[in-house]
Amino acid sequence: DAKTTQPTSMDCAEGRAANLPCNHSTISGNEYVYWYRQIHSQGPQYIIHGLKNNETNEMASLIITEDRKSSTLILPHATLRDTAVYYCIVRVRAAGNKLTFGGGTRVLVKP
Amino acid sequence: KAGVTQTPRYLIKTRGQQVTLSCSPISGHRSVSWYQQTPGQGLQFLFEYFSETQRNKGNFPGRFSGRQFSNSRSEMNVSTLELGDSALYLCASSPFPGTINTGELFFGEGSRLTVL
Numbered sequence: 014d015a016k017t018t019q020p021t022s023m024d025c026a027e028g029r030a031a032n033l034p035c036n037h038s039t040i041s042g043n044e045y046v047y048w049y050r051q052i053h054s055q056g057p058q059y060i061i062h063g064l065k066n067n068e069t070n071e072m073a074s075l076i077i078t079e080d081r082k083s084s085t086l087i088l089p090h091a092t093l094r095d096t097a098v099y100y101c102i103v104r105v106r107a108a109g110n111k112l113t114f115g116g117g118t119r120v121l122v123k124p
Numbered sequence: 051k052a053g054v055t056q057t058p059r060y061l062i063k064t065r066g067q068q069v070t071l072s073c074s075p076i077s078g079h080r081s082v083s084w085y086q087q088t089p090g091q092g093l094q095f096l097f098e099y100f101s102e103t104q105r106n107k108g109n110f111p112g113r114f115s116g117r118q119f120s121n122s123r124s125e126m127n128v129s130t131l132e133l134g135d136s137a138l139y140l141c142a143s144s145p146f147p148g149t150i151n152t153g154e155l156f157f158g159e160g161s162r163l164t165v166l
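Chains A and B are the protein sequences, given in the same order. This note's numbering puts the first residue of the first sequence at 14, with every later residue one more than the last. This note's numbering puts the first residue of the second sequence at 51, with every later residue one more than the last.
Fair warning: there could be bad hints in the mix.
[Said to hold, decoys possible] In silico BS3-like cross-links for lysine-lysine, where the CA-CA straight-line distance does not exceed 25 angstroms:
1) A:Lys123 - A:Lys111
2) A:Lys16 - A:Lys82
3) A:Lys111 - B:Lys107
4) B:Lys63 - A:Lys16
5) A:Lys65 - A:Lys16
6) A:Lys123 - A:Lys82
Since the hints were made in silico from the structure, they are not lab data.
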């Protein structure tokens, strides 16, 4: 699986959009980008995933650059409950249910 | 719909003992994966089961084992506990092995094991 690089931490103001970057410069053509988050003392929660097109769901938007070497997770209106560690994961389709988690980005949403 | 249920939530053991953790997946989900989370190593994949068969295994010693029952419930066992086994053990379920369509795993809240 491709290696990902994320900032260690970032702050965000409540009500504002939070833009979480992820670099995956060695991504292969058959690898997807997944985002999970882990709120303190809870199990990780799936947010969104994509291959090359931008994706949006009720939680967030995923913007993948045309060369697929980086992506951005956008939380449109951050709330205090969005404070969590966010993990960007890149993996092939046939990797089973094995996810390789890196260090993630610790996001603190401030009032 | 009930989520993934893990028991016990907290437990304390001493070195050399063994422990068994249980995971009940979401109803209808047939795949169960286990992860270990420690402050030093982060989240690491242990193994994955589907239809009572281990489909994938992480890089852990043989002291870590698991199994899945016909009702998809799963257990993991750690024998001869070491201090370094203190961790949050997370179980995740999905409808099929390698949910390539959704990439979505549903995690439980974990079992926190402390080894003294």
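Status of the hints after comparison with the structure:
Using a Cα cut-off of 25 angstroms, the hinted pair lysine 123 of chain A and lysine 111 of chain A is violated, with the two alpha carbons roughly 33 angstroms apart. Between lysine 16 of chain A and lysine 82 of chain A, the direct Cα distance comes to roughly 11 angstroms. Compliance with the 25 angstroms bound is thereby established for this hinted pair. Taking the CA atoms of lysine 111 of chain A and lysine 107 of chain B, the gap is about 9 angstroms. The hint holds against a cut of 25 angstroms. Distance restraint check for lysine 63 of chain B and lysine 16 of chain A: the Cα-Cα separation of roughly 36 angstroms exceeds the 25 angstroms cut-off, and the hinted pair is therefore not satisfied.
Restraint check: the Cα-Cα separation between lysine 65 of chain A and lysine 16 of chain A comes to about 17 angstroms, which is no more than 25 angstroms; the hinted pair holds. Distance check on the hinted pair: lysine 123 of chain A and lysine 82 of chain A sit about 30 angstroms apart at the alpha-carbon level, beyond 25 angstroms; violated.
Checked against the numbered hints above, the structure breaks hints 1, 4, 6 and satisfies the rest.
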